[in-house]
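S.K.: These are the residues of each chain, in order.
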Amino acid sequence: MSIVPHTVSRLPWRLMLLVSIIAAFGIVVLYSAAGGSMTPWAANQLIRFILFTGMAFFLSRMPVELFAALAFPAYGAILAALVLVELIGGVAGGSQRWINLGFMQLQPSEFMKPVIVLAVARFYARLPVGEIRRWTAIWPALVLIGIPWALVLIQPDLGTATMIAAGGVVTMFLAGLPLRLFIGTGLVGAAIVPIAFSFLHDYQKKRILIFMDPESDPLGAGYHISQSKIAIGSGGLWGKGFLQGTQSHLDYLPEGHTDFVFATMSEEWGLVGGICLIGAFMLLFAWGIRVSIRAGDRYASLIAAGLTTTIFFYVAINLMMVMGLAPVVGIPLPFMSYGGSSMLTVMLCIGIIMSVERDSRQSRPGWS
Amino acid sequence: MKFPKLTPKHVTQASLSYTFTRRAMVLGAMQGGIGVLLAGRMGWISIAENEKYALLSESNRVNLTLVPPRRGWIIDRHGRPIAKNRTDFRVDIIPDRLQDKDRVIGTLAQLLALAPDEVDRIREDLEKAAGFQPVQVSDKLSYDQFAAVSVRLPDLPGVAPAQGFSRDYPAGPSVGHLIGYVGVASAKDYEKNRNPLLITPGYKIGKDGLERTYEAALNGKPGAKRVEVTAHGKVVRELTTRPDTPGKTMQLTIDAGLQEYAGRRLGTQSGSVVVVDCHTGDLLAMASMPSFDPNSFSDGISHMEWNMLSEDDHIPLRNKVLQGLYPPGSTVKPMVALSFLEAGLGPDETVNCGGAIRVGNGMFHCWKRGGHGAVNMHRGIEQSCDIYFYVMAQRLGMQVIADMARKLGLGQKFPMPYPSQSYGTVPDAAWKMKKYGQEWQVYDTVNATIGQGYMLINPLQLGMMAARLASGKQLMPNLLFGSRHRPPPAQPLGVSQQHLDIIHAAMRDVVNGGGTGGGARLSAPGVLMAGKTGTAQVRRITMAERAGGVRSNASLAFKLRDHALFQGFAPADNPRYAIGTIIEHGGHVNIIEDAPRISGDVMSYLFDRKGALERLAKYEEGWGGDPFTRQKAQMAAYRAAHGLTPAAPPPADNAANTAAAEAPAGAVPGSQDRAAAPTTPAPAEPAPPPQAGNAQEVAD
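Chains as they are written, first to last, in this note's numbering: chain A, 1 to 368; chain B, 369 to 1068.
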């Protein structure tokens, strides 16, 4: 028996080390993005990270059953908030995504990303085993996903809507629905993409068109992608060096501390920095998937894998966006991008996955 | 409602768990795959396309600014600058760095003594200007003002003093037509040649005269400044600077001192002076006055100033030396006499001048009503007796005169480096037939011998005639100094030296004997000027007027007065310099500003500089100062006249109001300019007719 208390030694320290390394790297990049200054971003980000890490530890001590019990109430509350946002936006005019609470701006769609996973998983966990291959196993989940998806899409926030849908559908896939349903839907989806395209807002269409050919409008809407690729490409293998990035420091790279923080990082740290960061994220996802497979409970398995996938979508969509593989949709890079909402969401996911891990170890003490 | 069964497969808890594990692993593998894909994509961008993006990043970061080249100087034969570059001290405001606008502008207004309307303009510009685009506070500051701003820089955030170059013509109006001027490239220039230098602030190109002709040699190569800039255009730091290569210096055959003297000596008259070196054909002076001030033209001229210049009946916008055409009048008489000698006429043959002779149906008068009595060639030139030439020309015919005129450069198209020139005419039978389809008449010959009728000349041709008469060589005018540009040594004219000596002696006595050109005597002791005066009538004298007495020029409107001419050389016994002077509508009304006296003083400058300058200083007191001062006064009067007229174009600005307060109300435009004239000049006519139209068939 070591001198470290059991509850402390049982915390997933290796995971926390990994997450801390990523976040620390993010803070270093934000320090450089501010021209070598802790203000205005790096210090805030550090404080938030510490705060939300505490929150994640707290969540990890909660029993998984609590998340199961809270899944639907939370889902309902956020759905109500989404409707509220839509109403306020209708009054104020224009696009509205948040509720101003006075001390902070609450963006309910952000919380829907993990909560949709919890809700869909909760639905399948309660579904009798035999029902999984019936229609009754499909339509309630589609409704659960469809309502918030539609509400977020009309905000309009294509990136978040996509992530909500993807999170929910992946959970459905994990729940064991017949594979041909997904393949068939995928094919139908491919067929209706052109039709769906015509329903998009003009600025969304433009973003997609310009994503196809960013050079067609290098000073206009394609500017973000062009400058991001210039930042990444000019970094080369080893990068220009810490604090030596010109794209970010001379303001050519827009949103260099938020959505395009990866480009800021790549310019200074090069391909080496990028590979390390991607590798670190991959380790994080591998941990999440491993936790899900080892979880003793169906609900726990589903939420662990679902939430891991939610974090994965953040990373994948963001990186595709900054590398010119996806349109600019405003999805931040977890731990790296400056911003409280996304860090809160991601740390919520981490905390819940840690709770699943602790739960599975307690129920099956043979595992470690 | 019954749903179709999705599957007959039996599902158990275990199989579901197995499915989950399998699918979760597939999911994990897919995530890993996408991770590898992203890493590969990043590798492609940053390794394979690194070069392309590194270049794009550099072109983002680095801004190349052109540094306008310093223009080549134009210097005179002694190396004195005629056109040079002045260091410009200017002060700008960078709007983005400005903190306390009102305080800074207030301080600047006080330091630089800015007028209230200037301050308003700066405020307006500041409101319109964005970011880092500088707003000009003032240029052409004195060094003291510049220094005063520079030392207070720490208290004046946003103020940027800078140094540049602008063109400077020390002699101002005196060299306006000789050198031309520079200006900002027009939109048309930029369309023709999309050189970014053309739109660089501070860059100017030659617009007229030598500045334009030798633009390629004078303008040099621009330098470049590489600066690091932000996306908003803010300059972070300078990277490298490549200095400009100044344009080549051009040396002219002009004597800057003489040129300026000639320009100033023309005084209030509309005229031109050409001085030629009799050994080489080098042009020592080519003055056309009044002229624009190339300094103000190069800074961008105001509408008001342009209107004033184009309305002036003294035609300051025309280079009269090359573009003015005048009947040469009696200045051709030595040339005509030389043609007689070469044609075999004895110098001692006499003609009796009774004041008039009948030619065909008309009476042709001598300028002296009473007549000269018996006149030989020497006297004919000395007294400028018209009858002698009428008689002898009828005997020898037009062709000998026309041939000699051409030999002496009349009608010759001299290759001069100017964009626009007019050439005079030497008429003969073939010319008249070709031009008018009419036979040559005896009265045409008679008119031509006294330089009237169809005969026309520009001042350069007048000067060259004098130089060729003086040297007996086929001199060509030369403006570029140095052996490289000098034309080959001039061939002799092919006339007998003995005949030239006869002409020279007669011309010497025109000035120094009892002749008509006494006003041209030189002040230098022992140096004699030889020359010939001329009067070119621009109106027909009717029989009725002649009967009642020819009206004096002083009583005529400016436009109707005779042109006054003089051509000559000095020293008379060993010609070194030749001169040609034409005073438009001079009318011999003012002896000091008449062609002979001006020629005498300009020539004296070459032999007795001190005396010539002293006389000029005295004259200029009477004229209201040097050309700079007079032009300023003229401008003030013009503005006052227009500022007080309700129909005046824009509302008068402050400067005009100040001028109005100082100038007498209702001043006639340009009246200051002609204060020395004995009579009030007639109101300016809208546009002077072309000079060639002024030549009319007269007999005098």
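Derived by calculation from the structure, the hints in this document are not laboratory data. It should be emphasised that the depicted structure is a prediction, and the values quoted were computed from it without experimental measurement. Check the hints yourself; a few may be wrong.
Where chain A lies over chain B, by a calculated footprint (3+ residues, C-beta under 8 angstroms) [said to hold, decoys possible]:
1. 379–392
2. 415–425
3. 590–600
4. 724–730
We treat Cβ as the ideally placed atom computed from N, Cα and C, and that holds for glycine.
S.K.: Which of the stated hints cannot be reconciled with the structure, identified by number in ascending sequence?
M.R.: 4
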